[in-house]
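*Asks:* Residues in the sequence shown are numbered consecutively from 0, following numbering that gives the first Met the number 0.
Derived by calculation from the structure, the hints in this document are not laboratory data. Owing to the predicted nature of the structure, the values given are computational and were not obtained by experimental measurement. Keep in mind that the hints are not guaranteed to be accurate.
What the hints assert, rightly or not - DSS-like, lysine-lysine: derived pairs with alpha carbons at most 25 Å apart:
| id | residue 1 | residue 2 |
| --- | --- | --- |
| 1 | 133 | 169 |
| 2 | 45 | 61 |
| 3 | 133 | 154 |
| 4 | 169 | 142 |
| 5 | 45 | 154 |
| 6 | 45 | 142 |
| 7 | 133 | 120 |
| 8 | 142 | 156 |
| 9 | 45 | 169 |
| 10 | 142 | 154 |
| 11 | 120 | 149 |
| 12 | 156 | 120 |
| 13 | 110 | 45 |
| 14 | 133 | 156 |
| 15 | 165 | 133 |
| 16 | 61 | 154 |
| 17 | 110 | 149 |
| 18 | 110 | 142 |
| 19 | 149 | 169 |
Unchecked claim - Simulated DEER-style distance windows between Cβ atoms:
| id | residue 1 | residue 2 | range |
| --- | --- | --- | --- |
| 20 | 85 | 170 | 19 to 25 Å |
| 21 | 161 | 118 | 19 to 25 Å |
| 22 | 65 | 146 | 21 to 27 Å |
| 23 | 123 | 84 | 33 to 39 Å |
| 24 | 85 | 136 | 16 to 22 Å |
| 25 | 138 | 57 | 26 to 32 Å |
| 26 | 112 | 59 | 19 to 25 Å |
| 27 | 177 | 53 | 16 to 22 Å |
| 28 | 31 | 116 | 20 to 26 Å |
| 29 | 53 | 97 | 37 to 43 Å |
| 30 | 97 | 151 | 29 to 35 Å |
| 31 | 120 | 67 | 22 to 28 Å |
| 32 | 48 | 69 | 34 to 40 Å |
The beta-carbon is built from N, C-alpha and C at its ideal position, and this holds for glycine as well.
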Amino acid sequence: MKRWVSAMRFLSIVVFSHSATVASLTGLNGSDQFDFLIGNWTCTGKYLTASGSYGTYTATWKGYYLLERTIVADDFRVDTPNGAIAFLGSTFRTYNPDSDSWSMQFYDAVKGEWGEAFSGKRTEDMVMIDASGKDAYGSFLAKIAFYDIKEDSFKWKEDRSYDNGKTWIKNTSVIEATRVE
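Whenever a hint applies, use it, and build me the whole structure from the sequences.
*Replies:* Okay, structure coming up:
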């Protein structure tokens, strides 16, 4: 009986201290900066092709929390006109209060590959992200922005540099997202 009481005391201390820790994590100043992304979105997008023209697509974007709201995740999906998956990926974001920035990682489900880790910071009216990657044209640096953020819509764009930041190709990809009711 004494062991059972001691075990219950220990368990209650662990549970309550864990709950307090999670509560303090989710209440960190700035940790709500990606709350706008939570929900379901329909998207229209365009991407710059090798010829310099834009291709277009429609997509779905779903934002959600993981691990007691300490991670903001999203799934982005583009289907072909016949319903096959053309692109499917998830991004996972955690807030770092020491640097007032976000650490992020992208997973490409079609390729089965994790992308390079990247980071971002929210300003008053947008989120700016610095990333890097590799595509058919080579290694690149990317500057990504979530902007024109409203309750029912937001915009996203990416600029790329294939020469380590000397020159930038503007609007290599642009997305307009509208919240699904």
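*Asks:* Holds or violated: are the alpha carbons of residue 133 and residue 120 at most 25 Å from each other?
*Replies:* 23 Å, holds
*Asks:* Taking the CB of residue 65 and the CB of residue 146, does the distance hold inside 21 to 27 Å?
*Replies:* 25 Å, holds
*Asks:* Check the hint pairing residue 110 with residue 142 against an upper bound of 25 Å on the C-alpha distance.
*Replies:* 22 Å, holds
*Asks:* Can you confirm whether the C-alpha distance between residue 133 and residue 156 stays at or below 25 Å?
*Replies:* Distance of about 17 Å is within 25 Å: holds.
*Asks:* Measure nothing beyond the straight line between the CA atoms of residue 133 and residue 169; if it is 25 Å or shorter, mark the hint as holding.
*Replies:* With Cα atoms ~17 Å apart, residue 133 and residue 169 stay inside 25 Å; holds.
*Asks:* Hint says 16 to 22 Å; check whether the CB-CB distance for residue 177 and residue 53 agrees.
*Replies:* 19 Å Cβ-Cβ, so the 16 to 22 Å window holds.
*Asks:* Verify the proposed pairing of residue 110 with residue 45, using a straight-line Cα cut of 25 Å.
*Replies:* 21 Å, holds
*Asks:* Is the hinted range of 33 to 39 Å satisfied by the C-beta distance from residue 123 to residue 84?
*Replies:* 36 Å, holds
*Asks:* Does the beta carbon distance between residue 85 and residue 170 stay inside 19 to 25 Å, or does it fall outside?
*Replies:* Taking Cβ atoms as reference, residue 85 and residue 170 lie about 20 Å apart, which means the hint holds.
*Asks:* Taking only the CA atoms, is the gap from residue 61 to residue 154 under or equal to 25 Å?
*Replies:* Given pair residue 61, residue 154 holds - Cα atoms ~14 Å apart, limit 25 Å.
*Asks:* Keeping to a limit of 25 Å between CA atoms, is the pair of residue 45 and residue 169 held or broken?
*Replies:* 12 Å, holds
*Asks:* Does the Cβ distance between residue 97 and residue 151 fall inside 29 to 35 Å?
*Replies:* 33 Å, holds
Checked against the numbered hints given earlier, this structure breaks only hint 17.
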